[in-house]
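Since chain C is already given, all that's left is putting chains S and F on it; use the hints.
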Amino acid sequence: MSTFKQYSVLPGFNLALGFTLLYLSLVVLIPLSAAFIHSAKLTWPEFWSTVTAPRVIASYRLTFGASFAAAVVNAFFGLLVAWVLVRYPFPGKRLVDALIDLPFALPTSVAGITLTAIYAGNGWIGQYLEPLGIKVAFTPIGVFVALTFIGLPFVVRTVQPVLEDIEKELEEAAAMLGATRWQIFRRIIFPTILPALTTGFALAFARAIGEYGSVIFIAGNIPMISEITPLLIITKLEQYDYTGATAIAVVMLVISFILLLIINLLQWWVHHRGIKV
Amino acid sequence: MTTIPLLQASSAPHKILVTQESPWARWILTLLALSFLSLFLLLPLVAVFFEALKKGWDVYIAAITEPDALAAIQLTLTAAAIAIPLNLAFGIAAAWAIAKFEFRGKSILISLIDLPFSVSPVVAGLIYVLIFGLQGWMGPWLREHDISIIFAVPGIVLATIFVTVPFIARELIPLMQAQGTEEEEAAIILGANGWQTLWYITLPNIKWGLLYGTILCNARAMGEFGAVSVVSGHIRGLTNTLSLHVEILYNEYNSAAAFAVASLLALLALITLALKTFIESRVAQKTSR
Amino acid sequence: MSIEIRNLSRQFGSFVALHNINLQVNPGELLALLGPSGSGKTTLLRIIAGLETADSGQVLFNQEDSTTKHVRDRHVGFVFQHYALFRNMTIFENVAFGLRVRPRKERPNTREINRRVTELLQLVQLDWLADRYPHQLSGGQRQRIALARALAVEPSVLLLDEPFGALDAKVRKELRAWLRKLHNDMHITSVFVTHDQEEALEVADRIVIMNRGRIEQIGTPDEVYEKPANPFVYEFLGHVNLFHGRVHHGQAWISGLKIDVPEHAAAEDLNAIAYVRPHDIEVSRAINGESALAVHVVHILSIGPVVRLELMYGDNPTQHTIHAAISKEHFRELQLVKGDQVFIKPRRLALFPNHDQEQLIY
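Line by line, the protein sequences give chains C, S and F. First residue of the first sequence? That's 1 in the numbering used here, and the numbers climb one at a time after it. First residue of the second sequence? That's 1001 in the numbering used here, and the numbers climb one at a time after it. First residue of the third sequence? That's 2001 in the numbering used here, and the numbers climb one at a time after it.
Keep in mind the hints are simulated off the structure, nothing from the lab. A hint or two may mislead.
[As the list claims (entries may be wrong)] SDA-like mimics (lysine to any residue), calculated; alpha carbons at most 20 Å apart, straight line:
#1 C:168 with C:179
#2 F:2069 with S:1106
#3 S:1106 with C:24
#4 S:1106 with F:2012
#5 C:93 with S:1027
#6 C:5 with S:1107
#7 C:168 with C:191
#8 C:93 with S:1278
#9 F:2181 with F:2220
#10 C:5 with S:1278
Okay, chain C solo, but in the shape it has when bound:
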């Protein structure tokens, strides 16, 4: 015990940690382990053929491809939005700043039906895109639009505090030494915010991979074309193919855990190298 925990006069450690571990085990850990245990009902070849069936592979391609594209767009515009919010004054700034978190707060089904309505052939934006031959709703592009929406706050909220913390003196010193504005951004500011930007990107990507609610309405869910992996799990469940659903869920879980690990490492990087130069 003495090596496990340092002495403290504050009481309640055993109670607090005990409750924490019990709660986590009951609500999170034991249920999660159920997925792994259940998938063990399959032999390895069965498991492999389930998770690599053509329809499943197509869903991975769409899920990861659209998530990646959405995260890239969010990285770029997220940085831009964070930059404008931190550095430039404009009317209604506080309102805009508050609105950034809308995708966190808005239930995903609401986001889903709304985006569908906007981008459908007769929607506010869809009606202008369709004559150009661009169909968004019920295509992979729709998936990308929905994932961009839900991933938007991540990059802004991770980059914003780091941008706020950058010392003005650093930029002034660079300017004194003759650097142009663009050189200062590229050589001073960008390297400083890169860890946070990468973290934001990873968070947006991770969230997009698991996303379900906002996507299924706009995706059209056509097998092999616009069917995301989480939907495939539900489809298998509805056909009472529990084992098949679990096998795919295990693949997603493993990927989530790897991403969580990467994000933790990135956050460590932000704390230890990003802020202080």
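Only chains S and F this time, still in chain C's reference frame:
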């Protein structure tokens, strides 16, 4: 004589600082950022309310006051009312253990608390089906005792708890870590017991963090779709939350009703954002003085 | 109440914070634990308070073993370095806290609590701040409130961790005198931790000088300043000049000076280190009688009653600086200007033969 205008020109306020972009660059960047936000945030927000009221107030009121909608509201509130206090207790206990004590494996515990955030909601629902479903681990036992969890209210509550576990804990942990342990130690030396210390010293110091975490937790609890969808069974009037009710109405091509119910949830989101901003400004004031 | 520490040791991983500490604190005395950072002084204080545990050894209050006693039952008052005032409570509530959390049976009634708190606030001369919050107070005021709060529970021992550490120089000086006076009035056994020699010398009845988890010397301010037990104490307490030399049969040769050191009569041709305080260096224009060192004046600082001289001895590469302090009168007599040659010799020195250089690093 000719030097005077020159002098005036050079002594005019020099607005371009070395650490700022030229005005036109700033203007273009701001415009670009705001256009992006308008397209992806403002437009959907406006669209929800526009679509909801497209067929007039009567249709709107009827959609949100029909029995199924009211049942959905009630279930949504119930699930949140159970999930929030539990996660509140969990958040305080976890933050107390993690922020006030040094022990091994602390960083692993913090990662475990974050786990539900990285799990797809669909998978979150699935794991409860695997345990409590008819074919699940506890399925036979539950059927014997005539208890239903999946496709019933308990399943919805469980799924809601799962997806909202981290919210309060992760607000409190950094806050309590930053506050240190000296005030609590001082209270103990002055003779206070553990509960007195928690009640008089710790909780008042974290009240804004508690409120903040609770609001975010509430927003997610009331809005959760994926996880709840898997365990609900979509039984109208019984296992339908607001979020699921939106889906059902939409799939029945009852667009106006779907958006009417959706507008309630959008309103909840706006209230959440407003409260969140209010708390942030309160905390900023406190720390700046 | 007396405090006794017996064979106390504490390790953090491989770092030895305290090594076999033995210490007696007499009833009613004001004791300073003085040492550089990392010397273990704060750890010792926290172990006395019960905020930290020892690996081995005992803490006795009035001869009664209290090593395993809970903080709550030790009746100590503790003043934290950063005060740890309860930020959500007013000053009044802060001071009243210790009384209000008592079990119902022992709790004084509201009127009694009001009376006691008001009395304490008057004692620290801050009764007019009763309704303020901690963040509205200055550092010095917070310090005094922290003290009033600790005294409210009528502790039998008062422990203070770097009580003036976070204050600016002027306030620190005022509070020192105030604490000294308060202690004279109350006579409560008190231990305070500090890294500031001047503070310890000025305030404490006795000083415990600590270094790397060990006690180097215990004594009154006079004793430790005038008769340092070892080179560490000498260097730690005030400004000092260091000379290398040799000692043999009661005589030392230091930088060419021959000095009688009868207390080292038994020494047989040993290396030695000698310490001379700046005010123990005699400065004259001419050699009078015995040997003296010829030095050059490189800098003169003549602010206040004492004139500080920076003197250069020897040539490159062996040259080094010697600091001397002389009275203004003497300075006027000498009529010194920069560049002058003068002769110096130590009036008094402390010699440590055969000393291992390593130990000087702290």
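Requested in this report: Provide an ascending list of the numbers of those earlier hints which the structure does not satisfy.
Outcome: 2 and 10
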